[in-house]
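Colleague: Quick note: the sequence shown uses our numbering, first residue -19, plus one each step.
Among these hints, one or two may not hold up.
Said to hold, decoys possible - In the SDA-like style, the derived pairs of lysine to any residue whose C-alpha atoms are separated by at most 25 angstroms in a straight line are: (1) 208 with 74; (2) 74 with 48; (3) 231 with 180; (4) 30 with 304; (5) 208 with 247; (6) 30 with 20; (7) -13 with 247; (8) -13 with 0; (9) 208 with 182; (10) 30 with 74; (11) 74 with 341; (12) 74 with 288; (13) 231 with 252; (14) 30 with -12; (15) 74 with 50; (16) 74 with 93; (17) 74 with 100.
Hints were generated in silico from the structure; no laboratory data involved.
None of these values were measured; they are calculated from a predicted model.
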Amino acid sequence: MRHGRIKIGDLARHTGVSTRLLRYYEERGLLTAYRGENDYREYDESAVEKVRLIRELLESGLTTELVRAGIPCRLNPPAPGQELPCATRETVEKLREQARNIEQRLAALGRTHEAVSDYLQRAEAAVRAGGRVPSGDDLTLPLVTTESLEDISYRKSPLMNIGTHHTVHTIGIIGAGNVGKQIARLAAASGHQVLLSNSRGPETLPFDIIHELGDRLTTSTADEVIEKSDLVVIAIPVGAYTRIPAVPAGKILIDAGNYYPARDGVIPALESGGITSSQLLQEQLPGARVVKAFNHIRAAELTTDATRPGTPDRRAMIVAGDDRAARATVAEVMGNLGFDPLDIGELREGWRVQPGTPAYVGSFTRDQLVEALNRATR
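Given only the sequences and the hints, what does the whole structure look like? Please build it.
Modeller: Below, the structure is given as structure tokens:
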């Protein structure tokens, strides 16, 4: 190691960010690497603080473009009177748009909090009354109405009321985290019925999504999701894939996950890069028809970037699967949900959108996505 520099493996250990993701940071202009002895990547020691900041900003929902613009100001704050390099009109407008989206979500959460708090107070009153409903109060949960949610981003989406003439009518989702809930919103907005499950049971599903989607959503167990859905989205950590219930032969499964060793634990079969998480899932459930999709986009952008079919410069995402008919079905669903599907062939090609590749979480049109895929290296 040169004086004052560290290698990529050491940087990964110090920050908890995989080497693949570090290479992606370089690709997006967020991080600078030097070539040391034997052509190994080396970084200044200050890269540890920088990577932690990048991770913090990306996890907060900022785009790589905004992170790239903001890093100099966060790492080296200028003194009063000095030029602020991140203060451009374009950056200000992008931040203003993101702030509006956050305000909409906060407003919706505020209404949900009021409803829950009101119900809590009345339930406590019933408990104090010996478990009996107080006079004049039927203890009915004050639902958040559809009308009160009209300013939520997904309900404002141009996808709303596209119609319900889809090959796939019911979409099941295993996993009610950020990705699972966002796909549920898109599916409901484009006319699909949604079945949603998590690992702890239907009664523990997030309150907000239940009231947002209303009669478009059915809370379910994982077994019910698999049994009753036309296709199933797997939106849980890769390390939990072994807990997915048995799947009937021919069922389409969309693998929306990515392998992160720090979260999923080390999975030897995936460490060499010779097999993808989707191929591993296919081996685990050989009767299913596994398709890789929706894995190379940030959860928040699933609703903010969705647009109608035919929209110029529509954001593109890949579909990959060993079954051509299953790929076509998922491509139709992806198109209905707001994105331009790009069929890249068999599951083995899914490595091209894994964390650390040029196409991972980047916003691309179809032509731009093709170019990013061609730049991917193992």
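Colleague: Which hint numbers does the structure go against, in order from smallest to largest?
Modeller: The structure conflicts with hints 1, 4, 5, 13, 16 and 17, although it agrees with all the remaining ones.
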